[in-house]
Every structure is written in structure tokens, then in C-alpha cells.
Amino acid sequence: MYTDTKSETVPAEYAKVEILQPLPEIKRVNGEITYKDALKEALIEEMKRDGRVLFYGEDVADYGGAFKVTKGLLESFGRDRVFNTPISEACICGTGIGLAMIGLRPVMELMYFDFALMSSDQISNQGAKWHYMSGAQTEVPFVLRVSAGAGKGYGGQHSQTLESMFCHIPGLYVVYPSNPYDAKGMLKSAIRDNNPVMFVESQGLYGMKGPVPEGEYLVPLGVADVKREGGDLTFVAWGPVVHDCLKAADKLKADKGVNCEVIDLRSLVPLDIDTVLRSVQKTGRCVVASQAIHIGSYTGEIASTIQDAVFDYLDAPVKRVGAKNGIAPQSHILEAAFLPSVNDLIAAANAIL
Amino acid sequence: MATPIIMPKFGQMTEESAIVEWRKKEGDKVAKGDILFTVETDKSVMEVESFEEGTLLKIAVPPGVNVPVQSTVGFLGNPGEAIPQVTAPAAAAKSAVVGPLPSAGVPVPAAEAPSPAPREVTRPTTAPASVTSAATSAPSVFRISPRARALAKRMVIDPSSIKGSGPSGRIVENDIVAHLKARGYDKLRITPAAKELAAKQSIDLLGITPSDGGRIAVADVERAIAERPKTMSKMRQVIAQRLQQSVVTSPHFYVTVEVDMTDLVRFRSQLKEQGAPYTITDFIAEAVVLALKEFPDVNSTTDGRTVRWHSRVHLGLAVSLEQGLVVPAIRDADQLSLAELNQRAKELADKARSGKLTPDEMTGSTFTISNMGMLDVEDFTAIINPGESAILAVSSTRKKPVVRDDKVVVRQIMKITLSSDHRIIDGAMAARFVNAIRAKLEDVELWKRLAG
Amino acid sequence: MRTGTQAEACDYKGKIMESFDIVVIGAGPGGYPAAIRAAQLGASVAIVEREQFGGTCLNWGCIPTKALIATADLYQHIRHAEALGITVKGASLDYAVMIGHKNQVVEKMRGGVKQLLTANGVKQFVGTASFKDRNTIEIAPVAQASLPVPGKSATGTAACATNQQIGAKKVIVATGSTSAVPGFLPKHPRIVESRGFLDLDKLPESLLVLGGGYIGCELACMAAQCGVKVTIVELLEDILLLLDPDVRREVRGHMEQQLGIRVLTGKALEKIAADDKGVRGQCGDETLKAQLLLVSVGRKPVTDGLKLENAGLKTSERGFIEADEYGRTKVATIYAIGDVTGKTQLAHYATAQAIVAASNACGRELQKHDTLVPGVIFTSPEVALVGITEQDAKKQGRTIKTGKFRFGGLGRAMAVNETVGFVKWIADEATDQLLGAAAVGPHATELIAEATAAIRSESTAAELGNTIHAHPTFSEVWMEAAHALHGDAIHAPPKKRK
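These protein sequences, in sequence, are chains A, B and C. Using this note's numbering, the final residue of the first sequence is 355, and nothing's skipped along the way. Using this note's numbering, the final residue of the second sequence is 526, and nothing's skipped along the way. Using this note's numbering, the final residue of the third sequence is 841, and nothing's skipped along the way.
Only chain A is shown next, with the shape it has when bound in the complex (with noise of 0.2 Å):
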């Protein structure tokens, strides 16, 4: 169902790269660049190195992407390699699918992850299948970039984290990073693996600065994170709720005296449940958390998993915090409600401690 093989040497006539433009530049500040500037970077340094690479999507060349993340790449690289879509994104995902099945490495982006839905029977049908029911003839390396909108106040279409409903389907990777460094390194990594990775990011931490080394680096897919160290709770956790969890693990230290470990999975597919059940296994209690809606939530899968696996190392039952069963709203306040919030967490953790 999945290969093992990443892209490591570019064949030859892929190899040289022709740049029409000189690269855009992206400044540090104190060694830090933002989240979307870090997945720029990431995506410029793979183009470069490989010619099979392209990249595109609904306003991505000349615009520069709704949010601004890709300006500059269609002037450097032309529009052989980087070019806008119809408002289409079963084209879009179809055709990155056939590219990818010919021998080409394509990055797709999806403007809001809502539309992923729209593309639903070529992500799930086609691009997670064709390698297994090809007998591995084939593979399908492609990059699907998804944008989640939580938070931003863009209503019900807009405002999805579906990450849930496709790690659901096999064949298909599914990474979610939270901070400039692992969004850069997982891109990278997930542009060399020939599986098909669907690249989730968050709009609300598009400006999030972060330490981005300069030179050149990747993030396994697969592995996750250990945030911070601590030995009375678990908090696991995806994108932006990571930050939430170390907000949480503040305030529960600074008031109770509690350390609590907070695990960045990163990665959903490929999981990484070892460092998981590791942790709870010193803790004993774990709150599982993420901004996807808590019914139907990988949230579930993972705390199914964690009481299974190590039961008899819980002092208390494995909570979950997701965003409330609704659909989102447009106003503001509403919406934060809607959404876990910092102390949704803290609530969480006192319920088990």
C-alpha cells in the first residue's frame, strides 16, 4: 500500500535546473522566517534540486498564492513548472495524479481544505490506490498542499480541519506541522517520498516566526515530536493546538505545580505511536487534542489506541479535546468558542489529575 523509496538522487537530465529569475529572497530575523516563508523556502530548494518538481494550484503563479506563500516562484522557475488552475480541484488533484504516475513530482495546492472534498474520489480513489492495485507498477509521488482556515472567521465552507476523514483512507500520508522548522524539513521530506502526501497547514500560523536553520535539512514524515519534557500528563496534539498545549502546560506548572509532556505528532499517516504509548506509559495520563471537530476526530483513533495498547499504565481515562460538534461560525467570538481553546486543555488535564 505504501513504498518504502524516497527520491534521494534526481536523474541526471532532471538534475539541472534552469532558474529565469534570479530566487526570491527571504530574510531572517535573529535566524527566524515564517511559517509560510519556510514552506516558500522548502518549496524553492526542491525545485531547484529537482526538475520533476512542479508546483500549482488556483492563483498560485502570478498572484503568488491567496495567502502569499509562493510569490516569486512562478518568475524563477516559469510557467512550465509553476501555473494557475481553473476553479477545479478534481482537475487539479486528477491531473497531479496522472503527472505524478508518469514520472513527474507534482505539489498541488488547494486553497481551503474544505475544497479537498470536491477532489474526493481522485485523492482517495485514485492518487492512495494506484500503487497497491498496480502491484506497485506504479507509484504516486505527489505533494498535496490543503489550507485549514479555523479561526479566521470565514464560515461554515471555509473553516474545516478534515485531516480526520483522510487519514481514514490507506495509501494516503497525512502530515500537519506547527511551526516554520517542521513545516519546511516535512515538506521537503514529503516532496522526496513517493508516497502521496497530503500536506495539511494552518492559515492562523502562516505568520508564525520560527528558527529555521539555513542550510539543508529534513524532517522525517513519521517521527514525532517531543515538545516539551514532563512526567504527570500527556498532551498530544497537531497543528495549532500544539501551541495551545504548551500555553496549557504553562499554566498548569505555574498553578499546580504539574509537568506535563506536550508530544507534536506531525505526522497522522504515518503514525508514530510509540513515542506516544512511551510517554503515557510514564505519565499515566494523556488528553488528546486537535482543532478538527471532536466527533470523528483522529483524536478518537488515537486515544482508542493508547487505552488499548497500555492500559494498565493509566491512572485515569484518556481525555480528547477537539472543536465542538457544529458547524463553524463566521462571527468571532462565536467561532472562538466553537474552537479548543487554552483552557479547554487546562480543563481537560485538571479533569484527569
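Calculated directly from the structure, the hints in this document are not laboratory data. There may be inaccurate statements among the hints.
As the list claims (entries may be wrong) - Computed Cβ-Cβ distance ranges for the label pairs, DEER-style:
1. Ala-353/A / Lys-227/B: 23 to 33 Å
2. Asp-108/B / Ile-811/C: 51 to 61 Å
3. Arg-741/C / Asp-257/A: 33 to 43 Å
4. Asn-809/C / Glu-301/B: 25 to 35 Å
5. Asn-809/C / Ala-311/A: 44 to 54 Å
6. Thr-283/B / Arg-741/C: 22 to 32 Å
7. Lys-237/B / Asn-809/C: 38 to 48 Å
8. Asn-653/C / Tyr-65/A: 37 to 47 Å
9. Ala-311/A / Lys-610/C: 56 to 66 Å
10. Ala-311/A / Ala-796/C: 31 to 41 Å
11. Gly-259/A / Glu-301/B: 36 to 46 Å
12. Thr-283/B / Asn-809/C: 18 to 28 Å
13. Ala-796/C / Thr-283/B: 25 to 35 Å
All figures in this text were calculated on a predicted structure; none of them were measured in a lab. In this text, a Cβ means the ideal position worked out from N, Cα and C, and glycines have one as well.
Knowing the structure of chain A, use the given hints to seat chains B and C on it.
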């Protein structure tokens, strides 16, 4: 369709029973009269035979499980026949005192099952209003997290007494840790073998006092295991209940007389040589029966408000067996000759020892004799069998110096003590009754007439 | 085009990586028991070894040295057997035969290890393992030049010709340690470390030993018993500093007086030089000369080529892979055991860690490995210890009492004319619990097992004293020492009453 095998009702008042052992396996052929299983009732272990022939298709109730009488415990039929669904028997309800009120909810099987027709047994109505509940108390609800439970198990301690600090009183890891600290667990020294044994037998290490140089050794754990409360057999529980009930309900008082058995003992040896072996118990039994005819109040039962006289004397002879006390009754003893009495007493004693007494043989006495003469006792008092008004305790016959005609002579003296229910028997009557027995026993001419 | 020819397309084997539940790196006394235990627990296991199965212990450590020491001891006994009525004239030593015996033992045991692995279904790879990522191990072929038979690995199986990758759900790193050879030493055949020493085909006439730790001392004694003139130079204030002073004195005294070994302590050996005439070095203002220099200043962890960073692991400052008492490293799926972790570097400790780590890696209830590790030194006389020493107790501020008994007081020892040395118990002052033991003398390395068991089950000195020991045996010495601890040893004169 297969025929249900029913748990029989042993005794009018029996409400539930447990199978001790299935004598046949599923798939075995069963002939009419074959023993299917044995049952522990309140009083003894009974064999249950099959009234039909067929194959034992299914065992629905395993040994050791109390089920209501008349419930289905298995199915008999031809191989391949359909077996109807049997709902698992309800857990044994708190067993009520074996009293006169039958439980209303005894399930009746759908199919007609052969069962012995219940006998009309006159049952005394002295059952008290209150129902004493069974000895076992229900375990309290107890919450503990898996992590805490695993820790308690590793440490070989019992967490059930710890107060939990978690929600709904759940015991969490910290509670166990605090408990261990408070009890000085880390100062305990335990041999590896002792720990292993304690873990297997679920003994709480904190509850053991070390003896071997301050260290808990295997011997200490074995002691703790031996000291654990063990549930008594059903039979013993019922005996305990009944005796307690008797003492609580009937105000007992005791009258003792000394009986000069010298002549009777001599007469008895003579009879024995002549080939007519009677036991002392036979004579005492007869003497009691005769006395009861003269003192009807003693052959009665009371509930404190009414009194019931029994026209017949059903004489109970207490027999002490390993599994508990049984009182087989000689029915209509007042109608039997001494020889018949002797024979019946022997039959019942044998049956009692081999566990073959029927329920009806074990109940129904109107007066009981408890003979400890063979146990070398000076004197003792007995507890009245519930449903009766008095009981005679017979002690050992011993040579004693007594005064006869102002002279000290050595005679064979046997003390007998009557315990009486003061609600119906007063002191004078008791005294006269017990003296009547004495008089008869000391009258050797009487015996010559009866045994002749 | 991605889709190739029909034939290429159908070649799955090249595309599907062989994957295992557990991959063990290193097949020494840590690695192979880990592999066998994991296999016993039902896991699919692979083990990768770049040199010899059996590791240092089997090939260049415990086993070969014991084989040589056996001869040395026997030779010693023969030459001093007149008191017991045996006179041997002209007994001579044939080192080549000794080496032959040693090699035979090693080969047989090596084969045995491989058989055990095979019997347990463990797949064996020969090559250098490195992490491609935490779940992928790359195995590089062993350099042809270093193979004894070109084309065949040191273990005799066909070596990997090309790089291979295998998948691993969990990895157990057991790469062990190697002799630390200071960089300032010249490289010359006359300067060897312990492994090189065991490859010699003849003994030198004279030997300089740099470092008075247990390896240096064992080989020094062995050589001295075989007639070599030995000098030990130790930088610190005494040899075998892990032992209590009284134990050290006993063994050092015997080494110096009976074996004629020269022991220089608190001294450095400088300006070391070697040529085809011999080696020499400056020790204070004395120039020491010998035919061979044995370097035994310690052992360092082996992690070169592992590419730990690909797995997200780093070594400590001193190069060890840190692991907790469950054998776990910082990475949830990687375990490390044995010498490479920097815990007490002994083969049996590696084995104990291995078995527990394998069980933990297979998802069984988390277990810690035992930490009561007996140490055995095959000097002459033998030395063994377990638990705390008096030095340790002092450092910990623990009040203890001790009980000693000399072998000279035992009937058995006198009967066989082996009366050197003593044993010592160390017990808690308040509770009488046995905390440590040391033995120096005949069969010390065997006798220590009783002490280990007693300490582990928290016995007291009183209990040990009450345990009946068969007479006449060497083991009685423990019982007597336990009584001595309470001042009531039967077979020693009473201490002067105050």
C-alpha cells in the same frame, strides 16, 4: 424436542440447591434409574436419578451453582434433537430462614417434569417474623485506575481499603504510593518465595506480621492463608441459623436429674447375652415416649400466642456427623414397640452415617434426644430443636458413690438434663417430666415387661 | 516513464524491503541473547554483525583469556606441587598449543552462538549496520580487505556484496566497546592492546603493561605464570582501584611476591618508543624496557559508522548511547544495552540488560534490569566482588559493619594447599542486611555467586551464618565470615575483650 432435566425440590421448604457433581457427561447414554447428578441440600447430599432413558444432551448448570428448585439444569433426549434456550439461573437470592413461607417466585418449568410429589408435612409455625439474611455481605463498589491496580498487584497488597482521591472515589497511583509510605512498606522484608505465594493467593503483604527475624517468610504467608475466612457449607450455615434462632426465640431453662442406671444396665447385658441386643438409647427413647404421653404439653409447639399439640410422638435422635448435626426422626414412635423402636433407631443411624437419609426422615420430630453418653461427659445442656418445646441431653453413665438408705454405695449414675421452652413449659412440669423419665428408667420391671 | 518493462514491473522483490519486528545491531554477549529472547517472545528478529559473532567476550575477551589463564594456572600448580607429593621436572610451555586450544574453544563457541540464533529463527546479516532513519537499517558490506577469506565474511557466510536495507519496528543497539588506545602511542607491532595480545603466536620474554585495571592485571598474571618478566605501570595511586584497600593489598602482594610482577603505581609512562629491538618508556627517572607493551587503559564505546543522527539519537560527551534501566534510549523505538551504554562494562551485565530490553521491546510489561552485578577478576589469586564496597559505603555515608575470614582457617583450603586470601562481608550496621561481599583467593570467581544470591534476596549476616554449609568446602568461608561479623566465628580466635 429434548426433555428438560429439573432440579428436584428436596423437602417442602427447600428453595434452592446446588449440584455437587454430574455423574454423566454430555453425550453419555442414560438409562432409567441411572444417577444423573448429586445435589447438596440443606441437610445432606442427595442422588438424583433419571426417570427416562435417553442421551444427556446438555448440562445447563455446572456444579457449585445455587439454582432455584424446579429450574432446568440439563436436557435429555435423542442425539441431534433441538435444545431450547435456557436462561441462566438467577444468582442465589439471600437465603431466607427455613421457615414456613414458600417463596412466591419459584419458577415452574415449561414442560412437565417428573418430581416427587410434595409430602404433607405438618410444619411447626414457630418461624419468627424477621428473616435473618445470609452471612455474606455484598462487596462495596470500588473504583481503581488500571495503573494503580497494577501497582498494588506488583506490591502484593490489597487496595480495597484505601480511600481514593480520584473522581467518584477512584483510587489512583498516588493513593497507593501514599498508602505504601504510610504503612512503611519499604521497611518490610519479604523472602522471594513468600512474595510469590502471597501474590498467587492474593494475600495483602501489609496484613502479615513477620515472625522469622523480622522478615515475612513462606510460613507467615501460609498462616495468613489458613486464617482467612472460609465460607461454611450450606448445611452448616443452616444449622447455625436454626440453632441461633432457637436460642433467640425460645427462653430456655434447664432441669437436671441423676438416674440410677445400675439395674437397667445389668438387665441390658442379660438381654444381650440372650441375643436381644438393645442399646441404652433404646430404653431412654422408650422412656421418653412414654413420658411424653403423660405430659402432652411437652409434645407441643408454641409461638408464644398459640400452642399446638402433636398427637403423635415423632422422636428425634440427634446424630453428629462430620458435615454437621442431623436429627433423624422416628415417626409415630408412640406406636412402636421397644423392638421396633430399636430397629428403626438403628436404621436411621445407619442411613444418617451413610448420607442416605431422605429429607422427610430428617425433619418432623416433635421431641429430640441428644445423647452424648458415649463421649464421656459429666453433664451438658442442649439447644431445643426449632419447632419443638424441649430436648433431653443424656450424659455418660459413671460409677458414683451415692447415698441409699443413709449408706454410701457405688451405683451407675447417668445425668439427664431437660432444656425446656419456658413459654409453654414451666419449672414444675419440667421437673415432673424429667423425673417421670427417671422413674421409668429406674423401673427394671417395666423393661422386663416391654422387652419380654 | 515510471512504468517500465513488464519484467521490471513484476520484480517486486527489489522494491519490497525485508522488515523485522526487532533488529539487533551487534552479536556479542548483549546482542545475541537479546535476539534470542525476542525470538522466544515471538518477534521476527534480525541480527547484524560486522566482525565476529560472539563479540569481544567470546572472541577477544572473557573466553580466550580464560583459556590461556587455565594453562597458566595449571603450569603454576604443576611447578609448585612438591608439597603435595608431585615432582615434575622439565615441564615446559608450548604457547602455540595454548593458542591452538584457545582458538578451538573460541571457534566452537562462535559456532554454538550461530546455531542458537539459527535455531531460534533469527536472520543473521554480516556487515556494518547504520541507521537510514529510525526504522530503516542499512547494511554495508564488510571491506573485502579485512576479510580473512576474500568473498567470505569473517563468519564464513557469504558477505553482502552490495548495500542492503532492512526495516525495523524496533532496534536494539549492542555494539559494545573496544580498547581505548591513547593517540600519543606510536603504532608498532610491539605495542598492542588486549585484542592484539591475544593474536600473538608467542609470548614475549618481557612485558610492560600500561594500566593496572583488571584486564592489564589478568594478562600480567597470566604472562608472569608463563615465565614472562612483567612490569605494570599505573597512573593512579594503586592498581585495581575498584577494590577495597585490603583486597587490593592481598592480590597485589601475591602478584609482586609470588609471581614476581613489578608494580609501579602513581606513575606515568612517558616517551614511549618502539623498534625492532623492543619497547621502552620513561617512568619517573627510570627507563623501563621490555619486548612488548600491552596497553590496557580502558575501553571506549563503539558507535562509529552507526549514523545515529539519522535516528534522532546523539551520544553522550564520552561517546556512550544513554539508556535507562529499561534499556530505552531517548527515541521510543530504539534500545541500547551493554558496554556501549557506559554502564558497568561486563558481559553478564550486558546479557541481563539484553534480556530485559528485548522483553520490553516486544511489548511485555515494562521491566528494569537487575543492577546487582558481580565482578570477577582472574588474576592469581582470583578476586571477586559484588554489591557495595567499604569505599562505596564511606562515600555514601552509610554505617556498616564487616566480617572477614581467611581461607587459611579452612580445612579444605589447607588440605589442597591453597590458603591465600580471605572473604569479607559488608552489612548494614542497623539491620544486619548483607550489602556487599569481596573475595580474594582460591575459586573466588565461583564463590561470589553465593554472595550475589544472598545479597539479592536481602539476607542478613545472621541468616547466612545460620545456613549450613557443607564441610569441608571452600564455601564455608562465607559462613565463617558471617559469624565473624558478629564476633562469634567458631574457627577464629576471639577478639581481645575490651
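Hint check results:
1. Ala-353/A / Lys-227/B: 23 to 33 Å: Once the Cβ atoms are compared, 26 Å apart, the range 23 to 33 Å for Lys-227/B and Ala-353/A holds.
2. Asp-108/B / Ile-811/C: 51 to 61 Å: 60 Å, holds
3. Arg-741/C / Asp-257/A: 33 to 43 Å: 40 Å, holds
4. Asn-809/C / Glu-301/B: 25 to 35 Å: 27 Å, holds
5. Asn-809/C / Ala-311/A: 44 to 54 Å: For Ala-311/A against Asn-809/C, whose Cβ atoms are near 48 Å apart, the range 44 to 54 Å holds.
6. Thr-283/B / Arg-741/C: 22 to 32 Å: Holds: the Cβ-Cβ distance is about 28 Å, inside 22 to 32 Å.
7. Lys-237/B / Asn-809/C: 38 to 48 Å: 42 Å, holds
8. Asn-653/C / Tyr-65/A: 37 to 47 Å: Taking Cβ atoms as reference, Asn-653/C and Tyr-65/A lie about 39 Å apart, which means the hint holds.
9. Ala-311/A / Lys-610/C: 56 to 66 Å: Cβ of Ala-311/A to Cβ of Lys-610/C: about 58 Å, so the range 56 to 66 Å holds.
10. Ala-311/A / Ala-796/C: 31 to 41 Å: Holds, at about 36 Å.
11. Gly-259/A / Glu-301/B: 36 to 46 Å: 44 Å, holds
12. Thr-283/B / Asn-809/C: 18 to 28 Å: At 21 Å between Cβs, range holds.
13. Ala-796/C / Thr-283/B: 25 to 35 Å: At roughly 27 Å between Cβ atoms, Thr-283/B and Ala-796/C fall inside 25 to 35 Å, so the hint holds.
Hint check: no violations occur; every hint is consistent with the structure.
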